[in-house]
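Participant: Chains as they are written, first to last, in the UniProt record's numbering: chain A, 1 to 262; chain B, 1 to 262.
Treat the hints with caution; some may be incorrect.
Which copy is meant is left open, so a pair is good if it fits within one copy or across any two.
Dumping the calculated DSSO-like pairs for lysine-lysine here, alpha-carbon to alpha-carbon at most 30 Å [said to hold, decoys possible]:
(1) K38 - K216
(2) K42 - K216
(3) K145 - K79
(4) K131 - K38
(5) K216 - K131
(6) K119 - K38
(7) K79 - K216
(8) K145 - K131
(9) K42 - K131
(10) K119 - K131
(11) K131 - K79
(12) K145 - K119
The set of hints was computed from the structure by calculation and includes no laboratory data. Note that the coordinates shown come from a computational prediction; the quantities given were computed from them, not determined experimentally.
Number of protein chains: 2
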Amino acid sequence: MAALPSGVLGDLDPTSDRAVFRQIADQIREAIDRGRFKEGAKLPSESELVEHFGVSRMTVRNALSILQSEGLVSSEHGKGVFVRPRPPVRRLASDRFARRHREQGKSAFTVEAEAAGSKPEVDSLEVREEKPAPDISARLGSPRKVLARRRRYLLDGRPVEAAVSYLPLDLARGTQIAEPNPGPGGIYARLEELGHRLDHFDEEVRARMPSPSEVKMLRLSSGVPVISLIRTAYDTDGRAVEVCDTVMAADAYVLAYQLPAN
Amino acid sequence: MAALPSGVLGDLDPTSDRAVFRQIADQIREAIDRGRFKEGAKLPSESELVEHFGVSRMTVRNALSILQSEGLVSSEHGKGVFVRPRPPVRRLASDRFARRHREQGKSAFTVEAEAAGSKPEVDSLEVREEKPAPDISARLGSPRKVLARRRRYLLDGRPVEAAVSYLPLDLARGTQIAEPNPGPGGIYARLEELGHRLDHFDEEVRARMPSPSEVKMLRLSSGVPVISLIRTAYDTDGRAVEVCDTVMAADAYVLAYQLPAN
DNA sequence: CACCCTTACTCGTATAGACGAGTAGCTAAG
DNA sequence: CTTAGCTACTCGTCTATACGAGTAAGGGTG
Numbered sequence: 001m002a003a004l005p006s007g008v009l010g011d012l013d014p015t016s017d018r019a020v021f022r023q024i025a026d027q028i029r030e031a032i033d034r035g036r037f038k039e040g041a042k043l044p045s046e047s048e049l050v051e052h053f054g055v056s057r058m059t060v061r062n063a064l065s066i067l068q069s070e071g072l073v074s075s076e077h078g079k080g081v082f083v084r085p086r087p088p089v090r091r092l093a094s095d096r097f098a099r100r101h102r103e104q105g106k107s108a109f110t111v112e113a114e115a116a117g118s119k120p121e122v123d124s125l126e127v128r129e130e131k132p133a134p135d136i137s138a139r140l141g142s143p144r145k146v147l148a149r150r151r152r153y154l155l156d157g158r159p160v161e162a163a164v165s166y167l168p169l170d171l172a173r174g175t176q177i178a179e180p181n182p183g184p185g186g187i188y189a190r191l192e193e194l195g196h197r198l199d200h201f202d203e204e205v206r207a208r209m210p211s212p213s214e215v216k217m218l219r220l221s222s223g224v225p226v227i228s229l230i231r232t233a234y235d236t237d238g239r240a241v242e243v244c245d246t247v248m249a250a251d252a253y254v255l256a257y258q259l260p261a262n
Numbered sequence: 001m002a003a004l005p006s007g008v009l010g011d012l013d014p015t016s017d018r019a020v021f022r023q024i025a026d027q028i029r030e031a032i033d034r035g036r037f038k039e040g041a042k043l044p045s046e047s048e049l050v051e052h053f054g055v056s057r058m059t060v061r062n063a064l065s066i067l068q069s070e071g072l073v074s075s076e077h078g079k080g081v082f083v084r085p086r087p088p089v090r091r092l093a094s095d096r097f098a099r100r101h102r103e104q105g106k107s108a109f110t111v112e113a114e115a116a117g118s119k120p121e122v123d124s125l126e127v128r129e130e131k132p133a134p135d136i137s138a139r140l141g142s143p144r145k146v147l148a149r150r151r152r153y154l155l156d157g158r159p160v161e162a163a164v165s166y167l168p169l170d171l172a173r174g175t176q177i178a179e180p181n182p183g184p185g186g187i188y189a190r191l192e193e194l195g196h197r198l199d200h201f202d203e204e205v206r207a208r209m210p211s212p213s214e215v216k217m218l219r220l221s222s223g224v225p226v227i228s229l230i231r232t233a234y235d236t237d238g239r240a241v242e243v244c245d246t247v248m249a250a251d252a253y254v255l256a257y258q259l260p261a262n
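Starting from the given sequences, assemble the full structure and let the hints guide the process.
Facilitator: Written out as structure tokens, the structure reads:
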């Protein structure tokens, strides 16, 4: 059992009325903030912390679980507890659906990822007809059935985003939109070919903790929230032609928007 | 010790290799999803759950802590564990800084809150000159010093948002912008009076778990992430005249943006 | 040399118990 | 009738222990 590097972690204050496990969490957090434990570095093991602070293991684990829920560290069974590295973030610019980007052929995700030097993948592709959930239905003008296109996006093997597009069935059925591969420029290009010239998109952004199924799908470590983005596409007739419900690993994204001041 | 309402929670599956505390969390989560425990309702107490499932108290607490980190429940010392009610959300429209909204006088936050029937308050007002952090400085064109305006926003007594505006000192010093009350229409109105006609805003949206100080400032319950929004305001000369760094309780907000398709 | 197995470490799960502290309702004293 | 305090309940913190399971590295075996 190696001794802790001296000076990195201090002692507890027995006179404080702050709970012991919180004091331990505070000390480790501060050490991380000050760079004493660097990104990706291994923290002292639970038993080392037990010995250093003179507390029971559950107390140490309790402290670590705080840091985990703050997204500062993540534990790996059999290996140790590590300072969570900040993964490279993907920046979504507000012009990412501009027509000019669509005219090249490749999907927005692919182009962007390759430009950033990452390997993009799309996964779990599924296209099916279904009865829309009430909130989706309301946005699309209450169609009886919709076409749902589900997929998952990965960067360098890491899943970062899961998305479902919903389109009114009368609009999409029998077109290439109903095929797994919608062709160059994606479904927006197909929609425009079908005479639905796109006018604008509405986006709603929320953040929350992931459900267990989202944790699994995006392989999220604990303490990482998700960004939920619901985009509605409108054509020039004012009709909602697509709703896209996207869930993104929050540690992998920055959304960028430009607003006019007029 | 009252018996549990029968049928609400089932039994454990001893043959499953899913950990017991996860199975318990699954059951309670499902009961909440199915509406068997309604918003604001009290869950069975820890000791009732101990008895029902025949496990030790730490195992039950472990299960509850999962649900807490998912933002589904929150515990109140001496009272019980409750299904977390969804607070009313504040919707931020992308035209909220449009000039026409500014011309009335009141601040955007006040007008909007009163329209929604809530009581708005602004708090912790502090205006001071300081040396900017590197990321702020870069956005503002590297001024040596900036004016920082800090404040906290509350709705019906609940803190929902904390914001800091940074302006280049040469621009703001000695003007009403440096006063705690910037006057009708807020600092954007003052900037335009000073000849900086606003052209557009850039917004960067992130989500993450709050730091301990943010938990305190926004009185966040565990399992609630924050939305971090960094807005840069540009005048018609292309100069960045303000950077506003905002942290919002994610369960209180939806951000709405409209993007052109051109 | 390649491979497998042991071993020692890591974290994960679970038990049983103890005491502290906040809350709410009842009860007995004023 | 009011109120102070008691009591029984709630969750919060902490200890001590045990075994399981994943990882990595060393050493022996083929």
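Participant: Run through the hints listed earlier and report the numbers of any the structure violates, in increasing order.
Facilitator: 3, 9, 10, 11, 12
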